[in-house]
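Protein chains: 2
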Amino acid sequence: MDAYSSQITKLIETLGSLPGIGTKSAQRLAFHLMNMPSEKVAAIADTIKETRNSIRFCKSCFTLTDRELCPICASEKRDHKTIMVVENTRDLAAYERTGKYEGVYHVLHGAISPMLGIGPADIRLTELMHRLQQDITELIIATNSSLEGETTAMYISKLVKPTGIKVTRIASGVPVGGDLECIDEVTLLRALEGRIDL
Amino acid sequence: MDAYSSQITKLIETLGSLPGIGTKSAQRLAFHLMNMPSEKVAAIADTIKETRNSIRFCKSCFTLTDRELCPICASEKRDHKTIMVVENTRDLAAYERTGKYEGVYHVLHGAISPMLGIGPADIRLTELMHRLQQDITELIIATNSSLEGETTAMYISKLVKPTGIKVTRIASGVPVGGDLECIDEVTLLRALEGRIDL
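Residue numbers (the numbering used here), protein chains in the order written: chain W, 80 to 277; chain Y, 80 to 277.
Take the hints with a grain of salt, since some may be wrong.
Heads up, the list lumps identical chains together, so a pair's fine if it works in one copy or across two of them.
No farther apart than 35 Å at their CA atoms in a straight line, the calculated lysine-lysine pairs in the DSBU-like style are these [said to hold, decoys possible]:
hint, residue 1, residue 2
1, 89, 160
2, 160, 240
3, 103, 179
4, 103, 160
5, 103, 89
6, 156, 128
7, 103, 128
8, 103, 156
9, 160, 119
10, 128, 138
11, 119, 179
12, 128, 237
13, 103, 119
14, 103, 138
15, 89, 128
16, 89, 119
17, 179, 89
Treat the hints as calculated values from the structure; they're not laboratory data.
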């Protein structure tokens, strides 16, 4: 028996199909929306639609933005000779929050994953190589330190090295504030290998 | 600096204002939506709007539904002489999932909470008393076993008892599969008080 109504059930299923939203969260969300003023709900729905329709890739770094050139690529204050390669726009935002990185980015929109059938041609690598024909001094590879991220980093590094551009990789190690006993062995070894002089 | 674009930031803020969705989840959701086909995103937004616009209260039990009378109140198979009082439609759905309750419901849309300034007049109590003028044999109070739920249960019980209708309360106790050592003292005492003969 359909305890609510077919329409509410449809809404719960729709919300539950989104990532990170399970059946219980979908129910809570749906009932929250049903108890909100109709105009507010319409405003939320419109924001979702409008944002999706206004969104496109920055023509330089391929981050998601609503302009031809994203605010970072368009900024004269940034160092356009240093490019940080990230897997997606969320990773870009994570580095932006540090407020200390002054270069620009290149968003791959994925990482090489033979398991998932994602090859070098499926991420924005051609576009990266094209950008490297300009006057670039350093390429910082900031893909995740997962298997896919490391594979992608290795691949890009091999591809770019012959051009003579300096290629670096962000450090792996113990997170700041991390408790050694809670950290996995691979990270501990990485931290040891990457030790620096004091 | 606005790392994404003002439009995406607006979407993240909008999604993050919903219950159970923090900033990180809102970001993940927003980027998931931005990577979905535009028509699918529009369909999700439309489902949200349409559901909110089609929704109303069942004129008998006050659950949220898209009809004048909800499927449960409209069903001839249900026992309309037994009413279960619940705080909201989600609690109704929880009992519906058991598949064993054959009576109908009454949804209060809240619980009495002096702390939050919610009094008896703010929940659907007048409507419940009105329904009890019909031929009702049992009123099962299934409000939560929180302070508010218990207060509401006591209040309804005192209100209804003079009418001669049988008033019952769902049992409190140790959840099935629950590990005694993980359960709080109040629940353990309730389980002891409510012990049954074997």
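Verification of the hints:
In the homo-oligomer, the alpha carbons of residue 89 and residue 160 lie at most 35 Å apart only across protomers (31 Å), although the nearest pairing inside one protomer, at 50 Å, exceeds that limit. Taking CA atoms no more than 35 Å apart as the test, residue 160 paired with residue 240 passes inside one copy only; the shortest distance there is 16 Å, against 80 Å between copies. Taking the shortest Cα distances, residue 103 and residue 179 sit within 35 Å of each other only across copies (21 Å), while inside one copy they are farther apart (39 Å). For the identical chains of this complex, residue 103 and residue 160 are inter-copy neighbours only, at 30 Å across copies versus 48 Å inside a copy, given an alpha-carbon limit of 35 Å.
Taking the shortest alpha-carbon separations for residue 103 and residue 89, both the intra-copy value of 14 Å and the inter-copy value of 26 Å come in at or below 35 Å. Proximity of residue 156 and residue 128 under a CA criterion of 35 Å is satisfied intra-copy only: 33 Å inside one chain copy versus 42 Å between copies. For the identical chains of this complex, residue 103 and residue 128 are neighbours both inside a copy (25 Å) and across copies (20 Å), given an alpha-carbon limit of 35 Å. Taking identical chains as interchangeable, the C-alpha atoms of residue 103 and residue 156 lie at most 35 Å apart only when they sit on different chains, with a minimum of 28 Å there against 46 Å within one chain.
When the C-alpha separation of residue 160 and residue 119 is checked against a cutoff of 35 Å, the pair qualifies neither within a copy, at 45 Å, nor between copies, at 39 Å. With identical chains, the CA atoms of residue 128 and residue 138 are at most 35 Å apart both within one copy (22 Å) and between copies (34 Å). When the C-alpha separation of residue 119 and residue 179 is checked against a cutoff of 35 Å, the pair qualifies neither within a copy, at 37 Å, nor between copies, at 37 Å. Within a single copy, residue 128 and residue 237 get their C-alpha atoms no closer than 41 Å, and across copies no closer than 50 Å, so neither meets the 35 Å cut-off.
In the homo-oligomer, the alpha carbons of residue 103 and residue 119 lie at most 35 Å apart both inside one protomer (22 Å) and across protomers (22 Å), since each shortest distance falls under that limit. Taking CA atoms no more than 35 Å apart as the test, residue 103 paired with residue 138 passes between copies only; the shortest distance there is 26 Å, against 40 Å inside one copy. In the homo-oligomer, the alpha carbons of residue 89 and residue 128 lie at most 35 Å apart both inside one protomer (18 Å) and across protomers (12 Å), since each shortest distance falls under that limit. Taking CA atoms no more than 35 Å apart as the test, residue 89 paired with residue 119 passes in both settings, with 20 Å inside one copy and 14 Å between copies.
For a Cα distance limit of 35 Å, the shortest separation of residue 179 from residue 89 across copies, 24 Å, qualifies, whereas the shortest one inside one copy, 45 Å, does not.
Consistency note: the structure conflicts with the earlier hints numbered 9, 11 and 12.
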